Each structure stands twice: as structure tokens, then as C-alpha cells.
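Asker: Below are the chains, spelled out letter by letter.
There are 4 protein chains.
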Amino acid sequence: MKVNETPIQVRYQETDMMGVVYHANYLVWFEIGRTSFIDSLGFKYAEIEKEGVVSPVIDASMSFKNPVRYGEEAAVKTWVKEYDGLRVTYGYEVVHNDGETAVTGETKHVIVKKDNFRPVSIRRSFPDWHEAYLQAMEKTS
Amino acid sequence: MKVNETPIQVRYQETDMMGVVYHANYLVWFEIGRTSFIDSLGFKYAEIEKEGVVSPVIDASMSFKNPVRYGEEAAVKTWVKEYDGLRVTYGYEVVHNDGETAVTGETKHVIVKKDNFRPVSIRRSFPDWHEAYLQAMEKTS
Amino acid sequence: MKVNETPIQVRYQETDMMGVVYHANYLVWFEIGRTSFIDSLGFKYAEIEKEGVVSPVIDASMSFKNPVRYGEEAAVKTWVKEYDGLRVTYGYEVVHNDGETAVTGETKHVIVKKDNFRPVSIRRSFPDWHEAYLQAMEKTS
Amino acid sequence: MKVNETPIQVRYQETDMMGVVYHANYLVWFEIGRTSFIDSLGFKYAEIEKEGVVSPVIDASMSFKNPVRYGEEAAVKTWVKEYDGLRVTYGYEVVHNDGETAVTGETKHVIVKKDNFRPVSIRRSFPDWHEAYLQAMEKTS
Numbered sequence: 358m359k360v361n362e363t364p365i366q367v368r369y370q371e372t373d374m375m376g377v378v379y380h381a382n383y384l385v386w387f388e389i390g391r392t393s394f395i396d397s398l399g400f401k402y403a404e405i406e407k408e409g410v411v412s413p414v415i416d417a418s419m420s421f422k423n424p425v426r427y428g429e430e431a432a433v434k435t436w437v438k439e440y441d442g443l444r445v446t447y448g449y450e451v452v453h454n455d456g457e458t459a460v461t462g463e464t465k466h467v468i469v470k471k472d473n474f475r476p477v478s479i480r481r482s483f484p485d486w487h488e489a490y491l492q493a494m495e496k497t498s
Numbered sequence: 358m359k360v361n362e363t364p365i366q367v368r369y370q371e372t373d374m375m376g377v378v379y380h381a382n383y384l385v386w387f388e389i390g391r392t393s394f395i396d397s398l399g400f401k402y403a404e405i406e407k408e409g410v411v412s413p414v415i416d417a418s419m420s421f422k423n424p425v426r427y428g429e430e431a432a433v434k435t436w437v438k439e440y441d442g443l444r445v446t447y448g449y450e451v452v453h454n455d456g457e458t459a460v461t462g463e464t465k466h467v468i469v470k471k472d473n474f475r476p477v478s479i480r481r482s483f484p485d486w487h488e489a490y491l492q493a494m495e496k497t498s
Numbered sequence: 358m359k360v361n362e363t364p365i366q367v368r369y370q371e372t373d374m375m376g377v378v379y380h381a382n383y384l385v386w387f388e389i390g391r392t393s394f395i396d397s398l399g400f401k402y403a404e405i406e407k408e409g410v411v412s413p414v415i416d417a418s419m420s421f422k423n424p425v426r427y428g429e430e431a432a433v434k435t436w437v438k439e440y441d442g443l444r445v446t447y448g449y450e451v452v453h454n455d456g457e458t459a460v461t462g463e464t465k466h467v468i469v470k471k472d473n474f475r476p477v478s479i480r481r482s483f484p485d486w487h488e489a490y491l492q493a494m495e496k497t498s
Numbered sequence: 358m359k360v361n362e363t364p365i366q367v368r369y370q371e372t373d374m375m376g377v378v379y380h381a382n383y384l385v386w387f388e389i390g391r392t393s394f395i396d397s398l399g400f401k402y403a404e405i406e407k408e409g410v411v412s413p414v415i416d417a418s419m420s421f422k423n424p425v426r427y428g429e430e431a432a433v434k435t436w437v438k439e440y441d442g443l444r445v446t447y448g449y450e451v452v453h454n455d456g457e458t459a460v461t462g463e464t465k466h467v468i469v470k471k472d473n474f475r476p477v478s479i480r481r482s483f484p485d486w487h488e489a490y491l492q493a494m495e496k497t498s
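As they're listed, the protein sequences go chains X, V, D and A. Residues 358 to 498 in our numbering are what the first sequence lists, from first letter to last. Residues 358 to 498 in our numbering are what the second sequence lists, from first letter to last. Residues 358 to 498 in our numbering are what the third sequence lists, from first letter to last. Residues 358 to 498 in our numbering are what the fourth sequence lists, from first letter to last.
In isolation and in its complexed conformation, chain X is listed as follows (with noise of 0.2 angstroms):
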């Protein structure tokens, strides 16, 4: 299984008066991680949007271990988790400098028509990123 690792930066605007990232923050980081990946199978998803397609989220779930605190050195490991031709499920792992654990979560996606939001099935309309995901899914990182 494909692993992309991203560092983080922590922004001063991420933290709340908790003096941590606000908890909605690290569903951007996975937005960021999700990004890198897809990068790092040689696609950018703002390329995949130019064929007037969008990718929304459809379900999200996260698990608040440990905060990231402004200042610190962040990173954020994203994998493909399920695919299945139509929807895909990332798993992200946010962790600390010393690689414990902050955030673990994961979101499923599907690819629809940007002007009416009707599904597409990325096995017959993406079918390079099809095989890219199955690969991703397979191979050792």
C-alpha cells in the first residue's frame, strides 16, 4: 500500500484560544495530504476539475488523539483505504515531529458533474486513475 507523506506548517490562524489547531483544521490537512497523494500518482486533481467533475466528500471521520500546537513540525500520511470503481475511501494519519500520533480519520469521495452533481464512475471515465488507485492500493511504499 502506497503511503504519501506531506509536512504541515502550522498556521497561527489554525490555532483557537485552546492554544491548539482547531479541530476542523486537520479535515483541511487531510484536504492537504489528499492533495499530495493524488500528486504523487501523477495526477492534479485541479486538472481532473478542468473536465467538469468535482469530488466531493461524502463521508468524514476523525479521531482527536493529541493536538498539534503552533510552532511545531507537523506531517500528514495519506493511503488509499477502499475503492471500488466509484467511490474512494482515503485513510490520513496527522503526526508530530516525533511520529505520534495527533489525528487519524478518513473521508470517502465520489466524482460527480460539477453542474448537477450526478455520480460518474471513475472506472470508465478516469480509467488511468482507476489503475493508479488499484495500484496505490497494492503496492508496498
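Treat the hints as calculated values from the structure; they're not laboratory data. Since the model is a prediction, treat every value here as computed from it, not as a measurement. Accuracy of the hints is not assured; some may be wrong.
The calculated lysine-lysine pairs, modelled on DSSO-like cross-linking and capped at a C-alpha distance of 27 angstroms, are [to be verified]:
| id | chain 1 | residue 1 | chain 2 | residue 2 |
| --- | --- | --- | --- | --- |
| 1 | A | K471 | D | K422 |
| 2 | A | K359 | A | K401 |
| 3 | X | K465 | V | K401 |
| 4 | X | K470 | D | K470 |
| 5 | X | K470 | V | K422 |
| 6 | X | K422 | V | K471 |
| 7 | D | K465 | A | K434 |
| 8 | D | K470 | D | K401 |
| 9 | X | K465 | X | K407 |
| 10 | D | K471 | D | K407 |
| 11 | D | K422 | D | K407 |
| 12 | A | K438 | A | K422 |
| 13 | A | K422 | X | K407 |
| 14 | V | K422 | V | K359 |
| 15 | V | K465 | X | K465 |
| 16 | X | K422 | X | K470 |
| 17 | D | K434 | V | K401 |
| 18 | D | K471 | A | K422 |
| 19 | D | K401 | D | K434 |
| 20 | X | K407 | X | K471 |
| 21 | D | K471 | X | K471 |
| 22 | D | K422 | A | K465 |
| 23 | V | K422 | X | K407 |
| 24 | A | K465 | X | K422 |
Use these hints to put chains V, D and A onto chain X, whose structure you have.
Answerer: Chains V, D and A only, in chain X's frame:
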């Protein structure tokens, strides 16, 4: 079971280039619903933090059914789904103007000391709040 | 001069580790004030965009006097400061509950076509809105 | 004059339904540029806060020339524009990949005690930082 409903005015800033509310913002709307729910129990979350504790999220999950768009009037319904004296799980439903479900989800919280993030028992340290939670779970709204 | 006042409920998400509202969020509050001001003129910004135009900010300035904190009730006052048929400058004052000034600022906007960002004359393309701006500048609120 | 340049990876979350980066997010990019600039002087803003002070923005202005879009590679250039031992004004220029200006702006900061927001002299309390600012203004980068 007590259910609190809070109107949400969609901010332009909350939309993304998909033309809908960016998914992580619904977690912020859950926060708004939770704050309003706590208000409706007669407490102020801001006052609780003045006692040196904070209430981080330890788990969250969301299911996205139907995106909310700018210009729409939405609302978030909030209730207490589970509570054991130590951890509280809130349930949420974001609804469109016509009552249709936009997003459902839940967040689980604990109370911890602000300076060291050590857990605090709600039952023992905040008995009034404890009682209010128990009543909120029983009450027919 | 017409001045519109909109209450603001501070979101926990809007705070930072300084314990106050993160400065960039006041620009979002200005957006809320502006939307509410346009509503008070009898228009809906969301409807205007359906005609294929958008209204980007071309200049903004802010002066931070006294930070707003979570749990406080704040409000944003909005008015039209300058208008020449093409460009409109809104003035803003964020006030604390006791009327003290928190932040002042202004944003200058144009109307452009959504597809190519070419400028559109408000005077010629949106005569009703043009009239409303002129009246808003004269009116004693 | 020392000018520091920091690459910016546009986040999908930073876009709005206009299809471009939401204007308030450039203030966050300015924060990223400022943090990187301070790093380049050999300091860490996160360490400075551990001494019980924070550095709020007291004035900000921005001029939006040309919006940045998702998928683009942008950068923020940062320098010290004015400094008098007490207040520092940073200048910023967000540039597109081809060097074209996207946004220009500046932010003015003071240093205050975290607990009471009383001003602190940089010259007297942070002499090393004071020296670094003076050099940054003279140096040809």
C-alpha cells in the same frame, strides 16, 4: 430528548470553488449548534472555560447528503446522543430551508484541565451541568 | 447616511491562541455586514451573482483598536462611504457590546463579469441598485 | 533591504464560489510570509510568545490586483517597510508563478504582554530582534 435548532446564515467565505459550502465548515456549524444547545440548557460555554477547563473534541463523524449553497437559509439541530458522566456525544443534523437533510454528524467531547489536558469528571466537577445533560436526554422537546 | 448594524456571534473557531478573534476574521465580519447592508437596501447579493457577475474586493484596510473575545456580543456597522457608479467603498465599524470600537475598516468593490472578470458599470447595468446606493449615502438613518 | 520569498500551495478550502482565493485568506498568507521572514532572521515567533508576549496586528491594508486560483503556484514576498523600535510595518507582495503581482499589502504590529495587552518596547526588551530588524531594512537581499 431535547433538540435545539439554530439558524445558520451561509457566509460567502464558507463556500468553495465547487459553489457549495466547504465540507469542513459544517464542523464549525456543529460548534455553533453545540454552543446554542448549551445556552438553551442555561449554561455559557465561555463561562465554563473561565474555570480553567476546556472541552476538546475527541471523535467526530459526518455524512454529507446534500450541499448547502450561499444565499440559502439553513439550520443546525443539536441534541445529546450519549452521556456517561465523563464523555458527551452530541448529534447534529444540518437542514435546508425545506427541512431536507444536508449533513448529519456527531462529535464526542471530554472536559480537561486547560493547563495539562488531564480529564475532569463532569459528574463530580460540574454537577449542575451533569443534571442538565441527563434531563436533556430524557426530555421530549 | 444609512448605517446598518448586524449582530455577530463570535465563533470559537474564530479565536486564536492569543485568546482573541484572529485579525483576518474581521474581514469576514465585514462581508457579513456588507451582505446585511445590501439586504437592507432590498437586494440579495446571491441573486445578483445569478446574473453572471461577481463583486470582488479591490482594496481593503483595517485598523484594530481593541480585540473581540469569545463569549462577547459584538456587532458590525456598515455604510456606503464612496460611490461613483462603478466602484463602491463600504465603511465598517465593529463594536463591542458597550459601544466601544473594536475594529474599523473599509473595502472597495467593483462589479465584474464572472467568466472574464471584466468590469461592469453599476449605473448602467444595475440602475435600481445604483439608485439605492445614492439614496443610502444621503439618507439619515 | 532584505526580501524573503515563501512558496504558497493554494488550498481548495481557500477558494470561494467566485472560483478564486477568498480575499481574507491573503491576510493569512501575509502571516505565513511574516513567520518565514522572522525565521530567516534567525528567530522563531513561537519562541517569542513563550516569553509572555504576543504581536497583534494594529493596522492592515491590501490591494487586490489579480486573483490567485487553485492549482496555481504562488509565493509571498515579505520585507520590513518601517520600524521605530516599537512598531514594525511589514510589506508584502503575493506573486503568481510568472512573477505577476496578485496582491500587495502591509501590516503594522506591536509587541504586547499576553496577559494585559500592554505595549512592550522591542528595542529594550528584545535587543537582538531590534538589531535584526535594523539590518533587514538596510541589507540588499
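Asker: Quick check: which numbered hints come out false for this structure?
Answerer: Hints 3, 11, 16 and 24 not satisfied by this model.
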